[in-house]
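Here's the letter readout for the chains.
There are 2 protein chains.
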Amino acid sequence: MDEFPQDYEIFDLGDVTLQHGATLRDAKLAYKTYGELNADKTNAIVYPTWYSGRHWDNEWLIGEGMALDPTKYFIIVPNMLGNGLSSSPSNTPPPYDAARFPHVTFYDQVEQQHKLVTSFGIETLPLVTGWSMGAGQTYQWAVSYPDMVQRALPFCGSSKTSEHNIVFLEGVKSALTADAAFKEGWYTEKPTKGLRAAARVYAGWGFSQAFYWQQEYKKMGYSSLEDFLVGFWEGFFLDRRDPNNLLAMLWTWQNGNVGATPGRGFDGDQVAALKTIKAKMIVAPAEKDLYFPPEDEEFAVSHIPNAELRVIPGIYGHFAGGDANPADNQFIDAALKDLLAR
Amino acid sequence: MDEFPQDYEIFDLGDVTLQHGATLRDAKLAYKTYGELNADKTNAIVYPTWYSGRHWDNEWLIGEGMALDPTKYFIIVPNMLGNGLSSSPSNTPPPYDAARFPHVTFYDQVEQQHKLVTSFGIETLPLVTGWSMGAGQTYQWAVSYPDMVQRALPFCGSSKTSEHNIVFLEGVKSALTADAAFKEGWYTEKPTKGLRAAARVYAGWGFSQAFYWQQEYKKMGYSSLEDFLVGFWEGFFLDRRDPNNLLAMLWTWQNGNVGATPGRGFDGDQVAALKTIKAKMIVAPAEKDLYFPPEDEEFAVSHIPNAELRVIPGIYGHFAGGDANPADNQFIDAALKDLLAR
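Going line by line, the protein sequences match chains A and B.
First residue of the first sequence? That's 1 in UniProt numbering, and the numbers climb one at a time after it.
First residue of the second sequence? That's 1 in UniProt numbering, and the numbers climb one at a time after it.
One chain only, chain A, in its complex shape (with noise of 0.2 angstroms):
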């Protein structure tokens, strides 16, 4: 229903059935990629996307000079199932369209994902990073395929959701789905109310306290408080998001947890999964983040085998990663390059 750019591929995924049990049939991954794959195919990095968030939403890391340097690396950004580019409840045909869409877990994610980059012939992963629910799948790569991914820099997310982050998306959830035009996920209009409350209850989070204080909205071109609600939240909300794609990356989001991944007899323990990572890794929180704070991820960086905290300091809390700060981007990008030049 809603218009989007062609500027990105389409990669046939078959049937895929899902961690939790449904199989979603003929499904599809859409991404797009920065630079060439060299001839030993060894310059691959891989740039998950994050809760909402489309490819082109990525492009800020990306450019030459940077660490993400489409000159020498071939980066890959995999639209996350749910987010209205690769499969979706949006975009999937029924019956497991709109509410019923199955479940899907980072563990899904990122075996789509995997069949991707091995479709090239891909074995080796210099680099996986991503932002939020971008660093999940990036905890996510690490665990899953350990001998693949030589480092790893998840900024501002986490490799198990706490109950605090799951209590926050609640409130998400409950404000959209409160809006009876959304109707049990059945909607034929899309329910605007509820996308709005959703954005307003997401605004106290998404910035730190400081944030506000200060008034930085200002800097980032909004003219008053109100003007910043409207103008950048419940703008980002209408903006081609869908209610129910929402609620299944919500899913996905509220259900991860490295300990969950099938096979690996980790049962569901955060912490044996974290201690089987072979990458390097750079662990990059935001000093303010409301819902990734960096006490969480200083627990998960002190079980890993080769990991270094490095807390982006400032004010913009979860949006330090969201180029909405170009302190925040220089800081991530310079972590970026220390990495890769380990």
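Some hints here could point you the wrong way.
Identical copies carry no separate label here, and so any pair may be met within one copy or between two of them.
Here are the simulated SDA-like cross-link-like pairs (lysine to any residue), alpha carbons at most 25 angstroms apart as the crow flies [said to hold, decoys possible]:
#, residue 1, residue 2
1, K183, R240
2, K32, M148
3, K218, D269
4, K275, A210
5, K115, D338
6, K218, D267
7, K275, Q215
8, K218, S162
9, K190, R100
10, K193, E234
11, K183, F266
Simulated from the structure, these hints should not be mistaken for laboratory data.
Mind docking chain B on chain A? Use the hints.
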């Protein structure tokens, strides 16, 4: 529509013209007192209620041997206008009922409480204290009546509602009002879907990330995260809480600012107002309060002539002041004792 205990008194306010111009006719202030007023009327403490709190919700901090000792002090707990006991959307007759209940400021709240207090012949207050919006009223008392308030101890609150706090409340409001059953405030049955959604939004804010990480809710008698969300939070919002009342109090909160006290020349300037406070103060934010962070109170304290910042340590976040944790209760009681001894 709701059943309340009848353990309180009603003070007839008559016709009250509010700061924003509306006149609330035949308004009522519900209150309860603890202890006896002494002969020279110098032992009265005012202890206002918090967002949706009722006088009985304040009683945990009152008791023999505690700072608020009813054998020594005459403790007055006035119910906020809007809380369902004092004049509120839910109990005001037309035309100012329900969605038409007028805007009430902290200044208005304190003016009504002052009428009650002086009706006893009280001219001096050894202490005003309160949690959250009760802290907001405490600040307003200290600003409105600098020569009357000898001591003030606001805990987990602020003298001006920060922009981030306003945004958090926007999320609560949006979730509540997204329910079609709300009918713009003209509901005939409670919009419980909206109330439950608001509860889930609130859940992430009321306690800290670390509280959830450590599953402290189990100490509070809840068996799982979902049990806490339903049993504590949804139960909280459904316990005789009226949506229009919640929205009336939310407006008061969002618009909190001692600088808006009329007739004093502050012109909206919080700092100018704080400088006029004569009370000895201890200001007690909670270490991990997500909507009244200690930094904001540190700022306020720096502008009050005679105030000490004393941060409540620990992980209970805002509910450090909400009788959720015995250690926090003791900390607050000890601070009150210290202040009363000055």
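task: May I ask which of the numbered hints given earlier this structure violates, with the numbers listed in increasing order?
output: Violated hints (numbers, rising): 5 and 11; every other hint is consistent with the structure.
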